[in-house]
Amino acid sequence: MIPMWVAVPAIAAAAALGLSIDHALGRPLAAHGPLAWALRVALGLAIVLALLLHPLALVVLVGALVLVGKQRPSTIVDPRAARGSLVALGIALVAITLRPAAPLFWDEPVWLAKVRLGPLVLREAALDPNGTLAPRGYPIVGSLAESLLACGREDLAATMAGAAALVGLSVACVLAVLPRRRVLAWCVAMLTMPLVWIHLRSAHLDLVVGLLSLAITLALSHAREGKRGALHAALPIAFLLAGTKDEGIVHVIAACLAHGLASRARPRDAARESGAVLLAALASFATFRVLLAVHGVSDDDHALAFAGISHAPAIAMELVRAGTDIASFGAAWPITIAMGLFVAMRPSMTKARALAGTLALQAGMLAVALLLGTERLVAFTLDGTVSARLLVQLAPTAAWLVCEALASLAPREVTPAASA
Amino acid sequence: MHPDPIHDPRCLVTSETLFVDGANGVCHDPRVGDPSPLRAIGLVVATALVIAWLTRERLPSRRRAAWLLALALGAALPGWLALLVVRADGPMQISASAAETRRLHDTLRGFAREHGCAEVRLDHCLTCAPIARLALSGLACEHPASIELHEDAASGPCTIEGDTLICGSSAR
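Keeping their order, the protein sequence lines are chains A and B. So the first sequence is residues 1035 to 1454, counted in this note's numbering. So the second sequence is residues 21 to 192, counted in this note's numbering.
Treat the hints with care, as some may be off.
[As the list claims (entries may be wrong)] Facing chain A, according to a computed beta carbon distance under 10 angstroms, are these residues of chain B, among others:
#1 Cys31
#2 Gly45
#3 Pro57
#4 Arg59
#5 Leu63
#6 Val65
#7 Thr67
#8 Val70
#9 Ala72
#10 Thr75
#11 Leu88
#12 Gly94
#13 Leu97
#14 Ser115
#15 Asp126
#16 Ala149
None of these hints come from the bench; they were simulated from the model. Backbone N, C-alpha and C define an ideal beta-carbon position, used for all residues, glycine too.
Turn these sequences into a full structure, and let the hints guide you.
What follows is the structure, encoded as structure tokens:
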């Protein structure tokens, strides 16, 4: 069993910091009901992580918050209907906790080895050009967060608790911004992909990326509807997402592009909203990249080398293999692709179309990233260790697309006034 | 092709195969066999069928959703079956699988801490590298002790010879 209580002091401290910032901004996060606490924890955590990374990252993140400004919250989610989300979060936390506190999969020890170093030593080791930290040059914000959540403890159980707490926090952030009426549908859709269950109960970061990506997509969707407080939720999540894995910035850019395309009637607002989210993302992504360059550390795995172009057909076949792996994803990907194409042909399904656009952009940009990557990345991809994980990153948004598309198919209730 | 995960030899039934590929798929070992073009055809056909189903305007939306849900849950069943009863991280086997990696980790970290730190030499032990990296993380010293990890280090015995810890087949 994972001793999740290890993370309680760090979560409480992050929540207190997040609450004070939320109050200073006019309590915009209160718009999300009882699960606003998850967003406050994310906000407090992001502030501390930015400070740990570099004071400049903190300045940029605070700048993004200032850009969004003070806002009184509007009701994004009905607090009276929060019971379903709380039950879903409870079940997820039980599932995350009920596993032995020992690594079971190859990459778990790789990530946990970073967590074990503690936040300050990890930062120093990541920027040491002669250091032995592996893999070299990978973003560290996720590992720093896990280390903070583990309260800097180095024993195996505590480091695993830190990792599990980050997964739990990501689930809570999504549930905080997810429309309450469809929480159950989204959970069921997620469970039709058995591999997601494995990642939920692991120290891998791909599901974390996927959950945070969906949270940003949903927050931008709320912002499009003029709901105040949505953007404040997106900023700390964008910071965490872009700093956790290199794929994170791809998810953020795709979500912002799709937001711009879906907001053609209000281009200035969309540009301001996307700009703030991108700024928060760059606070972690760009700051770390600049720090790597200044310290002479290279990210050898994720450099631009165009090595995948000559292997494009094989990479495409590998992606198809992963998407049609029935045991891992059931029929989720054929259903998602069909739903995406279906809603793309229906101009009236605006929300579902925007979602399909986001997912298509994310998938497309990740596929292009594989083509532009290094020989090592190509070797990993063709070896089968990349494609399924990328699909896990896309899974939460795919599950939500299916829910949204099915809801769009439902006949609208026609009120007498409307019919008249 | 192994449509039935129960009898699929690639379905990660040992803690070692689970460790190597457990997060890359529920059953399929990507290193075995090349992706077949039939998969691509299957994906296109399945997608087209779902679209055709969705565009049947006469069908009530609730029934459409129910059928899709049934299809999605039915297709996920082999994977869940594998998760619950076949894989080495199923509810009945997960403790034993975790115990192996935990034992090796604790042995390596305990030895390395006792000596300040340690250097590892790997000898055909596929799963040892990441566990050793985790076990030795954060430990540094002037004169590291030695650790030798042989093929079956995760499940085999460990012995100490002077400043060297030997785990696996040659540790007798």
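Hints versus structure:
1. Cys31: holds (8 angstroms)
2. Gly45: With Cβ-Cβ at 5 angstroms, under 10 angstroms, it holds.
3. Pro57: At 7 angstroms from the nearest chain A Cβ, proline 57 of chain B passes the 10 angstroms test, so the hint holds.
4. Arg59: Where the cut-off is 10 angstroms and the nearest Cβ of chain A is about 4 angstroms from arginine 59 of chain B, the hint holds.
5. Leu63: holds (5 angstroms)
6. Val65: OK, holds: valine 65 of chain B within 10 angstroms of chain A, min 9 angstroms.
7. Thr67: Status holds, d = 5 angstroms.
8. Val70: holds (4 angstroms)
9. Ala72: Because about 9 angstroms separates alanine 72 of chain B from the closest Cβ in chain A, which is inside the 10 angstroms limit, the hint holds.
10. Thr75: holds (7 angstroms)
11. Leu88: holds (6 angstroms)
12. Gly94: Nearest chain A Cβ about 8 angstroms off; hint holds.
13. Leu97: Because about 8 angstroms separates leucine 97 of chain B from the closest Cβ in chain A, which is inside the 10 angstroms limit, the hint holds.
14. Ser115: holds (6 angstroms)
15. Asp126: holds (8 angstroms)
16. Ala149: holds (9 angstroms)
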